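Undergrad: Here the protein sequences come in this chain order: A and B. With UniProt numbering as the guide, the letters of the first sequence map in order to residues 1 to 575. With UniProt numbering as the guide, the letters of the second sequence map in order to residues 1 to 159.
Every clue listed holds true.
Below, simulated PhoX-like cross-link-like pairs (lysine-lysine); rule was C-alpha separation at most 25 Å, straight line: (1) B:Lys52 with A:Lys430; (2) B:Lys97 with B:Lys76; (3) A:Lys334 with A:Lys304; (4) A:Lys551 with A:Lys524; (5) A:Lys20 with A:Lys477; (6) A:Lys480 with B:Lys52; (7) A:Lys108 with B:Lys52; (8) A:Lys389 with A:Lys368; (9) A:Lys389 with A:Lys334.
It should be emphasised that the hints constitute simulated quantities derived from the structure, not laboratory data. If you're wondering where the values come from, they're calculated on a predicted model, not measured in any experiment.
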Amino acid sequence: MNYFPDEVIEHVFDFVTSHKDRHSISLVCKSWFKIERYSRQNVFIGNCYAINPERLLRRFPCFKSLTLKGKPHFADFNLVPHGWGGFVQPWIEALARSRVGLEELRLKRMVVTDESLELLSRSFVNFKSLVLVSCEGFSTDGLASIASNCRHLQDLDLQENEIDDHRGQWLSCFPETYTSLVTLNFACLEGETNLVALERLVARSPNLRSLKLNRAVPLDALARLMACAPQIVDLGVGSYEDEQDSESCLKLQAAIRKCTSLRSLSGFLEAAPHCLSAFHPVCHNLTSLNLSYAAEIHGSHLIKLIEHCKKLQRLWILDSIGDKGLEVVASTCKELQELRVFPTDLQGGGNTAVTEDGLVAISAGCPKLHSILYFCQQMTNAALITVAKNCPNFIRFRLCILEPHKPDHVTSQPLDEGFGAIVQACKNLKRLSVSGLLTDQVFLYIGMYATELEMLSIAFAGDTDKGMLYVLNGCKKMRKLEIRDSPFGDAALLADVNKYETMRSLWMSSCEVTLGGCKRLARKAPWLNVEIINENDNNRMEENGYEGRQKVDKLYLYRTVVGTRVDAPPFVWIL
Amino acid sequence: MENSNSYSPYSSSSVDSTKPSPSESSVNLSLSLTFPSTSSQRETSQDWPPIKPRLRDTLKSLRLRQRGYNTALFVKVYMEGVPIGRKLDLSTFSGYKSLLENLSHMFDTSVISGGTRDRKHHVLTYQDKDGDWMMVGDIPWDMFLETVRRLKITRPERC
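Build the full structure now, drawing on both the sequences and the hints.
TA: Now the structure itself:
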């Protein structure tokens, strides 16, 4: 079958980089399977419990980059108790024992220990890139190991992790001879930072492109850092609390003007309101702006900044910008592709910072918009229908109305028709989150129209099992389904057990599924791990005579080829 | 938590402002029963709305700063001769005047600070961070909040 030698085919495969495509070519024939597995550079494992390190190494002996994800998505919102799992240690141990020349490790929602980081730093000579997102379990001592031992490190990117800050000297652990730093993000560290070590590190890093500081880096230090690194592309400002027109402020403004490559701005973790004006000179080049932590900056200052950002493609902002502010975004940012508007008032009731009007304005003004996450107090079907008409190109549409079960605030109707319009118009929709008052009808629409949908998040929605069934039967490409506080039960769960083999995972919490139903599912589908997470008292579930009918608090099931995991804590019961 | 109400018709709820304000309770009532139950934190749930912990913490501390206090400041309050004490959140008072008024209600007696040593009035004293018992009212209110550890309402002769 092959008219070319393996090396030629391998060379062709080098141009195929997406995981899905690599998977497809591996299925063509035995020969291609073999060539593909030996040439695979990047491995992506969406659920660390779907497979184990030994099988990974057997299939792909030569990879350089590994991406691993642990806890389910709802762990981000405190729904998964501490200690559930997602430990990276066994993976690093197995890789260290093998001959894999690991260069990049990307972890999301995993438990990482200092021991793991130490082992990682010592085991892979060419290790270049460490990206940790929403991980926990380690301290700055672990970072010190990475800094000390990884001679060729380029990226140390810590995003939203829970790190125990020992206020140590991890930054000074980078050797004086070390000059290859490209990305340094430590914005999530809460403790003090050794500013001298940081400045020296930045000064000897000519390739530094991305620098994101924590709140312990004050204004004068920022000015000095930017003066040493005018080549910077991506900047996360730590603290910016200083008098307007102070000497530090003026030095910073001078330094900023020299940063002609700056394209991305974030941080402002502690920010005085006037500080944004220092960045006006670089706004016209910005493509990405993340002000979602700048809680103290008033909407008017945000608007003044955005008025200069004509090339913005990505904007993450708080709802303090208001509908008026979103109208400014709509008229200014014609290149906008992704928008996230986060809430500032968590309790609801009162503050109507952004409404359906802001969303409609954005949809009308930004023709390239394809991803949105929008928190608001109120919505209407009419607005959603208009948005669907304006923006049929949505790939990700996530709407979170803060008050559960809230109907269309004008007609008091459920929002079924609005979301129905979205899924009908947006033929490429891959991710959807629904909210507000919703009946089974919205799920009928989703099952019927959302043919490309891969991830669906449901909260406080639906009336009967039919709702969930519409989705399971209709959405052929569904990979991740997460449901909370919705009245779906055993009938929906058990209707098509084989469906779950086509999906990565299903999460159901505070729904109507019973222990009996889950047990039946586990019996029918031995290739699934069916986990019951019961923080209160696991044993009570067994003793109760009516256990079959007892409702399960949290259910998490996922397909796996390696059976029941052995590291589950006592409050997780794997059926 | 000690909760004896034998003192007065003015129960602790009249001075305890940790209960949600009327507008907040009416919002809570209108929500569905399946709304996530609040954790030990008053008012807010830890899992709704769906935002990441870092943002949740940032917004919480912002809200507290906007309301003008950093944290609740509960201290024990004893009436001399009464073994069971009360607990009081000092951060809810604007100054000495409101503190004394509330204590007078709480203990159903007249409580004053310093000044005239009248047999009719009880005198409010406090233990500071050095462990010394002092007369309430001598130092500015803000300074008092930083140094107070507990309160005692003493019989007039003692001072």
